[in-house]
Amino acid sequence: MCTVISFVFKPLLKTYFPNSTLLIDHFHVIRLINDQLNHTRKTIIRKQIKR
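Residue numbering for the sequence shown follows the numbering used here, starting at 1 and increasing by one per position.
Quick caveat, the hints were computed from the structure, so don't treat them as lab data.
Just so you know, these numbers come straight off a predicted model, no measurement behind them.
Mixed in with the good hints there might be a few duds.
[As the list claims (entries may be wrong)] List time: in silico SDA-like cross-link candidates among lysine to any residue, alpha-carbon distance up to 20 angstroms:
1. K50 x L32
2. K10 x T21
3. K10 x L37
4. K10 x I24
5. K14 x I24
6. K10 x H39
7. K47 x R31
8. K47 x Q36
9. K10 x I44
10. K42 x L32
Whole structure, please, built from the sequences with the hints as guidance.
Next comes the structure, spelled out in structure tokens:
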């Protein structure tokens with residue numbers, strides 16, 4: 001089963017598709033990492049500007 005990255009779906013998959021394998025494509029993993037890095041970078045820059 002291929003789905004969006006959300007832990008909300010995991011229990012549903014186990015219940016309704018017990019023999020399925022959960023797949024997550026690398027694009028979305030990289031996107032989540034980049035989003036978090038951008039958030040962290042912006043937070044650091046804002047703190048530096050306030051000094």
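- In rising order, the numbers of the hints this structure does not comply with: Per hint list: 1, 3, 6, 7, 9 violated.
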